[in-house]
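Assemble the whole structure, with the sequences as input and the hints as a guide.
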Amino acid sequence: MAAAADSASDQNPKDAERHVLTAESDADFSEEDYDEDGEEEYEEEEELDGPAAAAAERERMQSVLRRLSSDPVGIRVHDVIIKGNTKTQDELIEAEVAELLRAAPTVQDLLRAASVATARLHDLDIFDAVKITLDAGPPELPGTTNVVIEVVEVANPLTGTAGVYSKPEARSWSLEGSLKLKNLFGYGDIWDASGSFGWDQTTEVGVGVCLPRFKSIPTPLMARASLSSQDWLKFSSYKERLLGLSFGLLSTRNHDLSYNLAWRTLTDPSRVSSKAIRRQLGHNLLSALKYTYKIDKRDSHLRPTKGYAFQSTSQVGGLWNSKGLRYFRQEFDVRGAVPLGFYSAALNVGVGAGVILPLAGGFMNSTSSVPERFYLGDIQRRWNPWPRIPYCWKPCETVGG
Numbered sequence: 001m002a003a004a005a006d007s008a009s010d011q012n013p014k015d016a017e018r019h020v021l022t023a024e025s026d027a028d029f030s031e032e033d034y035d036e037d038g039e040e041e042y043e044e045e046e047e048l049d050g051p052a053a054a055a056a057e058r059e060r061m062q063s064v065l066r067r068l069s070s071d072p073v074g075i076r077v078h079d080v081i082i083k084g085n086t087k088t089q090d091e092l093i094e095a096e097v098a099e100l101l102r103a104a105p106t107v108q109d110l111l112r113a114a115s116v117a118t119a120r121l122h123d124l125d126i127f128d129a130v131k132i133t134l135d136a137g138p139p140e141l142p143g144t145t146n147v148v149i150e151v152v153e154v155a156n157p158l159t160g161t162a163g164v165y166s167k168p169e170a171r172s173w174s175l176e177g178s179l180k181l182k183n184l185f186g187y188g189d190i191w192d193a194s195g196s197f198g199w200d201q202t203t204e205v206g207v208g209v210c211l212p213r214f215k216s217i218p219t220p221l222m223a224r225a226s227l228s229s230q231d232w233l234k235f236s237s238y239k240e241r242l243l244g245l246s247f248g249l250l251s252t253r254n255h256d257l258s259y260n261l262a263w264r265t266l267t268d269p270s271r272v273s274s275k276a277i278r279r280q281l282g283h284n285l286l287s288a289l290k291y292t293y294k295i296d297k298r299d300s301h302l303r304p305t306k307g308y309a310f311q312s313t314s315q316v317g318g319l320w321n322s323k324g325l326r327y328f329r330q331e332f333d334v335r336g337a338v339p340l341g342f343y344s345a346a347l348n349v350g351v352g353a354g355v356i357l358p359l360a361g362g363f364m365n366s367t368s369s370v371p372e373r374f375y376l377g378d379i380q381r382r383w384n385p386w387p388r389i390p391y392c393w394k395p396c397e398t399v400g401g
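If you count by the UniProt record's numbering, then the sequence shown holds residues 1 to 401, one letter each, in order.
Careful, some of the hints might be misleading.
No more than 20 Å apart at the CA atoms, straight line, and that leaves these computed lysine to aspartate or glutamate pairs for EDC-like [unchecked claim]:
| no. | residue 1 | residue 2 |
| --- | --- | --- |
| 1 | K215 | D189 |
| 2 | K87 | D123 |
| 3 | K215 | D333 |
| 4 | K297 | E240 |
| 5 | K180 | D135 |
| 6 | K131 | E96 |
| 7 | K182 | D125 |
| 8 | K275 | D189 |
| 9 | K306 | D268 |
Read the hints as simulated data drawn from the structure, not as lab findings.
Below you can see the structure in the form of C-alpha cells.
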C-alpha cells in the first residue's frame with residue numbers, strides 16, 4: 001500500500017499537499033485561519049529553491065510523521081476512486097472495501113483499513129496487483145481525502161493444476177487435475193472443472209462456480225455438480241455411484257453452511273455382500289444440511305510448527321424423509337503442533353472422533369446408512385463424503401494439514 005498527497009489533475013501538487021498537511025497539523029483551526037496560514041506558507045515555499053526547498057520538504061514530512069506517531073489525526077474519506085479494472089465491476093470492489101475505508105475516523109485508522117482492504121482484494125484471486133493511495137480531497141473541504149484504488153487484473157484468467165497423490169493410510173494412489181477460469185463475467189466469479197482418478201477405488205469429475213459476493217448478499221455463494229464412482233468391493237463388497245449437487249449457503253472465517261443433494265446407487269456385482277449391505281442396495285435420494293465450525297491457530301496449513309486447530313462438523317441427512325437415510329452425523333477433529341526447539345522441528349498430534357445416529361423410531365435398533373459410516377484409515381471418506389465445493393475467497397478449507 002502506498003500513501004500519497006497528490007492532487008487532482010487540474011491542481012498544483014504543492015497546493016494539494018499544503019491542504020493535506022495543514023488539515024493534519026492544524027485540525028483544530030477554523031477554515032478561515034487554515035486558508036490564511038496556508039497562503040502565507042505557500043508564499044514562503046515559492047521563495048525557496050534548491051537545497052533549502054528540499055530541506056524544508058523533509059522537515060515538513062518529518063513533522064507530519066511525528067504527528068501521526070503521537071496523536072490521532074482526524075480525517076474523512078470524501079470519495080473512493082477505482083482505476084485499472086477493465087472487466088471487474090466497480091460495485092464488486094466497492095462492496096468489498098468501500099464501507100471499511102469510509103468508516104475510518106483518523107489517518108492511522110485509514111492506513112490500517114487500507115492494509116486490510118488490500119488483503120481482501122488479493123483474496124478474491126482475480127488481481128495480480130493492488131495499490132491503494134491516499135490522495136488530497138477537494139480544496140474547499142479541508143481534512144478530507146480521496147482513496148484511489150488501482151488494480152491490475154490477472155494476465156491469464158485460465159489456470160490449471162495436475163498431480164499424482166498418494167494416500168498411504170488407505171493404500172491408494174490418485175491422479176488429480178483441475179482447471180480454473182477467473183472473473184468470466186466481471187463479478188469475481190471463479191469457474192472450475194476438476195477430475196480425479198484413483199487406482200482400484202475412486203473416480204470423480206465435477207464442475208463448480210463461486211461468487212465472492214452477489215448483489216446485497218454479503219457471504220460467498222458456491223455451487224457444484226459432480227459425478228463420482230467409488231469401488232468398495234475389496235473392503236465392503238459394494239460399489240457406489242453418486243450424482244450430486246452442493247450449494248454453499250454461508251461461508252465465513254469460522255462458519256460454513258452447505259446443502260447437499262445426491263442421487264446414490266449402490267450395487268453388488270460380486271454378489272457376496274452381507275444381508276445388511278443387500279438391504280441397502282439400489283437407488284436412494286439423499287439430502288443433507290451440513291454445518292462446520294472451525295478454528296485454526298497454526299502457523300501453517302501444510303507444515304505447522306506451532307499452534308492448534310479444531311473442527312466440528314454436524315450433518316443432518318434425510319431432510320426429505322428418504323427411506324432409510326435419515327440420520328444425524330457429528331464429527332470432531334483436534335490437531336496440535338508442538339515445537340521441539342531445533343531445526344524448526346515439531347511434533348504434530350491429531351485426534352478425531354465421530355458418531356452417527358439413525359433418525360427413526362427405535363433408532364437404537366436401527367441400522368445406519370453404510371456409505372455414511374466411519375471407516376478407520378480411510379482419509380478420503382472421512383473428509384470428503386460429499387462432492388467438493390470449490391474454493392472461494394474466504395475459507396472453504398478443512399482442518400487438514
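For each hint, the structure was consulted:
With a CA separation close to 13 Å, the supplied pair K215 and D189 stays within the 20 Å bound. Only pairs whose Cα atoms come within 20 Å are accepted, and K87 paired with D123 is accepted, the gap being roughly 17 Å. In summary, the hint linking K215 to D333 is not supported, as the alpha carbons are separated by about 35 Å, beyond the 20 Å threshold. For the hint pairing K297 with E240, the CA-to-CA distance comes to about 37 Å; that exceeds 20 Å, so the pair is violated.
About 36 Å separates the Cα atoms of K180 and D135, which puts this hinted pair outside 20 Å; it is violated. Taking the CA atoms of K131 and E96, the gap is near 15 Å; set against the 20 Å cutoff, the hint holds. Among the hinted pairs, K182 with D125 is consistent with the structure: their alpha-carbon atoms are about 8 Å apart, no more than 20 Å. Restraint check: the Cα-Cα separation between K275 and D189 comes to about 47 Å, which exceeds 20 Å; the hinted pair is violated.
A C-alpha spacing of about 46 Å is found between K306 and D268, which places the hinted pair above 20 Å, so the restraint is violated.
In terms of the numbered hints stated before, the structure departs from hints 3, 4, 5, 8, 9, listed from lowest to highest.
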